[in-house]
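Participant: Single-letter residue listing:
4 protein chains.
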Amino acid sequence: MQYRRLGRSGLKVSELSLGSWVTYHNQVDTTAATEMLAAAFDAGVNFFDNAEVYALGESEVVMGQAFKALKWPRLNYVVSTKFFWGLERDGNTTNRKDTLNRKYLMQAIDGSLQRMQLDFIDLVYCHRPDPHTPIEETVHAMSDMITQGKALYWGTSEWSAADIRAAWEIADKHHLHKPLMEQPQYHLFHRTRVEQEYARLYEDIGLGLTTWSPLASGLLTGKYRSGIPAGSRGALESMSWMREQLQDPARNAAVAELEKIAAELGGNVAQLAIAWANRNPRVSTVILGASKLAQLQDNLGALALTPKLTPEVLERIDALTKPLAK
Amino acid sequence: MQYRRLGRSGLKVSELSLGSWVTYHNQVDTTAATEMLAAAFDAGVNFFDNAEVYALGESEVVMGQAFKALKWPRLNYVVSTKFFWGLERDGNTTNRKDTLNRKYLMQAIDGSLQRMQLDFIDLVYCHRPDPHTPIEETVHAMSDMITQGKALYWGTSEWSAADIRAAWEIADKHHLHKPLMEQPQYHLFHRTRVEQEYARLYEDIGLGLTTWSPLASGLLTGKYRSGIPAGSRGALESMSWMREQLQDPARNAAVAELEKIAAELGGNVAQLAIAWANRNPRVSTVILGASKLAQLQDNLGALALTPKLTPEVLERIDALTKPLAK
Amino acid sequence: MQYRRLGRSGLKVSELSLGSWVTYHNQVDTTAATEMLAAAFDAGVNFFDNAEVYALGESEVVMGQAFKALKWPRLNYVVSTKFFWGLERDGNTTNRKDTLNRKYLMQAIDGSLQRMQLDFIDLVYCHRPDPHTPIEETVHAMSDMITQGKALYWGTSEWSAADIRAAWEIADKHHLHKPLMEQPQYHLFHRTRVEQEYARLYEDIGLGLTTWSPLASGLLTGKYRSGIPAGSRGALESMSWMREQLQDPARNAAVAELEKIAAELGGNVAQLAIAWANRNPRVSTVILGASKLAQLQDNLGALALTPKLTPEVLERIDALTKPLAK
Amino acid sequence: MQYRRLGRSGLKVSELSLGSWVTYHNQVDTTAATEMLAAAFDAGVNFFDNAEVYALGESEVVMGQAFKALKWPRLNYVVSTKFFWGLERDGNTTNRKDTLNRKYLMQAIDGSLQRMQLDFIDLVYCHRPDPHTPIEETVHAMSDMITQGKALYWGTSEWSAADIRAAWEIADKHHLHKPLMEQPQYHLFHRTRVEQEYARLYEDIGLGLTTWSPLASGLLTGKYRSGIPAGSRGALESMSWMREQLQDPARNAAVAELEKIAAELGGNVAQLAIAWANRNPRVSTVILGASKLAQLQDNLGALALTPKLTPEVLERIDALTKPLAK
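Order-wise, the sequence lines are chains A, B, C and D.
Quick note: the first sequence uses the UniProt record's numbering, first residue 1, plus one each step.
Quick note: the second sequence uses the UniProt record's numbering, first residue 1, plus one each step.
Quick note: the third sequence uses the UniProt record's numbering, first residue 1, plus one each step.
Quick note: the fourth sequence uses the UniProt record's numbering, first residue 1, plus one each step.
Worth double-checking, as some hints may not be accurate.
Each pair may be met inside one copy or between any two copies, as identical chains are not told apart.
To be verified - Calculated pairs, DMTMM-like style, for lysine to aspartate or glutamate (alpha carbon to alpha carbon, straight line, at most 25 Å): (1) 97 to 42; (2) 150 to 110; (3) 322 to 58; (4) 71 to 35; (5) 150 to 195.
These are calculated hints, taken from the structure and not from any lab test.
Given the structure is predicted, the values throughout are model-derived calculations rather than measurements.
Make a model of the complete structure from these sequences and hints.
Facilitator: Given below as structure tokens:
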């Protein structure tokens with residue numbers, strides 16, 4: 001496992017990291033989570049990604065219990081959370097949902113710290129942009145979390161390049177803590193934002209990337225090539241919105257070809273997809289998701305494939321996927 | 001009930017809100033206050049307005065007890081207080097009354113938090129301008145309340161446009177928290193400040209408005225058309241200063257005509273007056289005052305009238321009231 | 001008693017105030033101090049001046065005990081302390097004496113708060129200039145006391161106009177709390193600094209003055225006209241350095257003439273001298289010192305003389321004293 | 001003992017000070033450390049240098065226990081620590097070692113405070129430059145330690161002039177606490193950085209110097225002239241990397257000549273070397289290291305030699321050492 005600076009920061013994150021989206025509490029209990037965190041940590045993973053909204057707070061509770069059981073020194077791991085959607089799905093959700101206003105953010109960080117049983121969270125993200133809150137209000141609140149010692153660094157997730165730059169400039173003008181990293185979707189079929197939209201930000205403001213969905217929600221494992229298998233993420237009721245996309249014929253055909261390339265290199269298609277995201281030097285860490293220990297261990301096999309992605313191999317991969325990517 | 005951004009901020013307040021001026025402690029005890037807060041909340045009201053000076057602190061005590069009884073999640077409601085007049089009416093009141101100096105403000109916020117039994121107050125206002133304190137001193141103190149986590153946003157009440165802009169510019173220069181909202185009197189007979197004096201501030205600094213006295217202290221209910229009824233606000237000893245104004249013949253005659261328009265639209269004149277204030281897109285929320293539950297529920301009926309205020313109806317209302325307004 | 005803004009600030013101080021220099025602990029115990037504080041407070045005095053060095057901390061202890069006994073609401077009085085000389089007179093006094101460095105200042109404020117049993121001190125002063133500490137270091141430390149809530153306003157004592165302006169400019173540049181007031185010696189025989197050196201600062205930065213020694217250490221009471229009376233301040237061993245000055249023949253002769261003017265106006269020379277300092281509109285408050293209640297009450301009689309200081313009277317006073325003043 | 005301002009700051013440090021590098025915990029236990037601290041303090045030393053990495057935290061523990069036993073008033077001594085290498089030597093040391101990132105620094109200061117049993121540490125240093133962390137991130141974290149009251153002043157150790165200036169400019173731009181002092185190696189055979197590279201910084205930013213290794217790890221005591229004596233620092237396993245340098249023939253020959261000069265002046269070569277460093281007015285304090293009380297007392301004898309370093313003597317010393325120095 002290699003470690004990379006998170007953007008221009010001095011914080012180093014493992015090239016592969018472990019997220020809890022979808023899986024925790026829903027598919028993974030504290031015992032299983034602890035087992036997987038331990039395995040990842042032993043393999044060199046030092047960054048564990050979370051969010052307030054994952055399982056509506058329960059994902060933070062599970063991860064917090066696992067940290068407590070594992071007793072790692074606090075300097076040895078980096079943990080994140082993200083704010084935007086809130087925890088409430090019913091009743092009057094004004095100021096509790098889909099917002100980055102000061103009221104919500106200042107209460108949200110306290111809730112996350114309590115659920116995770118931590119004194120501070122390393123990375124806090126604005127989980128989505130909020131067009132109804134001025135960027136200055138959000139920047140001030142995120143920076144205040146750092147000043148108050150509740151967080152160390154802050155960033156965004158799925159923000160436009162223009163909004164990220166605006167946030168950075170506002171922080172610079174008012175001498176606040178600047179946004180450091182962005183968490184975008186990034187995989188073989190979703191590349192434009194990372195490769196084009198953000199291009200100037202890497203140099204200009206030192207933006208780091210913690211990318212999610214390297215396997216395109218499982219499409220890049222090949223398991224959706226013949227429909228939705230029972231027990232898969234695509235079979236979850238809450239994930240029904242992505243079923244059509246998972247069964248896209250052209251993409252699944254491309255996956256079949258990628259499987260061959262992976263086999264040539266001595267791996268499988270999931271490992272190839274992860275290695276492909278990991279080979280981008282702008283990516284600080286590729287966040288893996290896993291509902292089973294075996295799956296995590298298989299995914300970590302991507303490390304062996306990364307150095308095999310020669311320019312020639314990358315060209316073959318691009319020919320198959322770029323025309324189908326956005 | 002609709003929710004509007006408080007000025008340019010990301011905080012959303014209900015278009016109608018509930019204040020405790022005059023009524024709490026004087027006419028309304030904790031039980032009645034709790035009942036009215038609950039009814040307002042159930043109707044969608046999320047902003048509850050208060051001030052240190054209302055019933056000399058007792059209004060904050062009553063509202064705090066009501067919040068405690070109601071057990072709403074803290075994210076679900078927005079509460080305010082205001083500082084200027086202090087709590088003392090006798091003895092040497094230097095630095096305790098009619099001031100916005102640092103000494104008074106830093107002690108006032110602590111007193112309000114204690115009386116309300118809250119960890120923070122969402123909105124804190126400078127209740128009036130203080131020509132004897134530099135705006136910079138006041139801006140620094142109000143901003144410090146936010147930095148210390150005791151408040152979330154700050155604003156002014158009945159300040160001139162020039163002073164509001166000065167406060168905003170000073171905060172911007174020194175990287176402090178900027179004033180966000182103003183609480184002006186605004187009703188059919190009091191319109192100049194909101195409609196003309198503040199005109200540039202809405203765009204330039206994103207000023208929000210939480211308006212008070214939509215019924216002109218009851219004049220716009222029509223109940224003062226034949227004198228001061230016993231038990232009305234105008235009959236309170238402390239309100240004697242406004243009795244003459246409440247019985248102004250020309251205005252009461254206009255009210256009689258407004259009653260007819262209200263009846264045409266299927267409401268009463270109070271509902272019409274509230275709906276009229278509410279229809280102004282510069283107004284973030286119209287603060288209602290009520291001493292009885294029935295009155296509150298009647299006033300909330302204004303929501304049904306708001307969409308009926310067509311340009312034609314508004315023209316008729318203007319013709320009746322604009323010449324009598326300041 | 002009238003109240004004046006402390007410089008351009010919104011804080012109001014009584015035109016006459018009470019200091020504890022020399023007297024507390026040395027000549028005045030807690031019981032007597034409490035009695036005099038109560039009498040001054042009843043007469044309208046709201047500012048009580050102190051310093052760490054007065055009786056090496058004991059003056060703060062005595063005043064703190066008096067406050068505790070008197071139970072005044074905290075908003076009703078303004079209290080000060082000052083830092084520079086430290087509390088230690090023997091051993092290695094590096095960084096503990098004659099300094100305004102950060103190390104000393106940050107520890108000094110904590111000591112004063114503890115001795116006075118207060119949560120915050122209204123006014124904190126740099127008791128003298130320190131040419132061996134950069135003004136920026138001192139400004140940052142004084143401002144930090146305010147940010148931390150341990151003090152409300154800060155100022156200087158016996159600083160040059162150039163240093164005061166430098167401190168103000170540094171605070172403005174770095175967005176820190178600015179110095180507000182200066183405590184200079186000011187009496188009929190010591191006028192240049194207040195009347196000439198600081199002239200531009202009143203308008204340019206809104207400097208306020210809390211002046212000390214209105215009676216020129218007793219010279220202006222007339223009691224040193226025939227030598228040093230036993231029991232007087234001049235008889236204290238620690239005050240021996242000023243004995244010669246107290247017996248200056250020309251000045252004592254002028255005092256004899258002033259006594260006649262005072263008698264014409266219905267007062268005594270001490271009252272005249274205090275009234276003279278008080279009549280300067282640049283002076284926010286004249287700090288009185290008293291070792292006995294009767295003396296304090298006599299001095300407060302100056303209030304009656306102030307309005308009698310007509311231009312004609314002031315001219316006569318100037319003719320007598322200006323040639324002998326520095 | 002004389003006291004000098006630490007650079008342009010108002011903090012005064014003794015010209016000779018005592019460090020705990022190498023010796024504490026390894027060669028010196030708490031009893032011996034307490035004895036040496038007491039002797040140094042009695043001789044006028046007021047600065048005691050430490051670092052997190054010295055004996056991996058144990059040096060801080062030992063010094064903290066000694067302080068506790070000695071019960072000096074906190075204003076009477078200045079204590080330092082330094083951060084960079086971390087405490088861990090095995091396992092995954094990402095973010096725990098060789099870093100000045102925010103995550104490490106914010107945890108490191110808390111650890112040092114706990115080990116030293118202190119409320120604040122006077123001087124905190126970045127123990128080495130970290131090319132993998134932006135200077136802005138480090139400046140913000142170091143300044144935050146001061147804002148939080150955990151430290152009073154911050155500086156660097158073995159940083160380039162360019163990096164020190166960059167840190168100062170960033171702090172000035174963002175109104176943060178500026179770096180004040182640098183801790184460079186400085187002795188007769190290591191002079192370029194102090195005498196040439198930093199030359200402009202003394203005037204431009206008021207940089208102070210706390211220099212280490214005045215005896216070139218013992219070379220300048222003459223004791224390595226005939227090999228590595230048992231029990232010497234050079235005989236420690238952890239110091240094996242410097243053995244070759246300690247036995248450099250040309251330098252040891254120069255030491256033999258220096259011994260003669262020292263003898264002429266009535267001292268020994270170690271005292272001469274310390275006096276030579278001390279005579280540089282850019283040096284705020286020369287940090288001595290000692291594993292035995294007798295050695296410390298001998299080194300303090302350098303004070304008597306300093307005034308004897310006339311221009312003529314300095315020329316003779318330069319002629320012997322400058323050609324061999326870097």
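Participant: When Cα atoms must be at most 25 Å apart, do residue 322 and residue 58 count as within-copy, between-copy, both, or neither?
Facilitator: neither (37 Å within a copy, 57 Å between copies)
Participant: Within a copy, between copies, both or neither: where do residue 71 and residue 35 come within 25 Å Cα-Cα?
Facilitator: within (13 Å within a copy, 39 Å between copies)
Participant: Reference check for the pair residue 150 and residue 195, CA-CA at most 25 Å: within, between, both, or neither?
Facilitator: Close neither inside one copy (32 Å) nor across copies (43 Å); limit 25 Å.
Participant: Between copies, within a copy, both or neither: which fits residue 97 and residue 42 at Cα up to 25 Å?
Facilitator: Answer is between: at 19 Å across copies they meet the 25 Å cutoff, but 37 Å inside does not.
Participant: Measure nothing new, just compare the shortest in-copy and cross-copy C-alpha distances for residue 150 and residue 110 to 25 Å and report within, between, both or neither.
Facilitator: Cα proximity of residue 150 and residue 110: in one copy and across copies (8 Å, 15 Å).
In the structure shown, a violation is registered for the earlier hints numbered 3 and 5, in ascending order.
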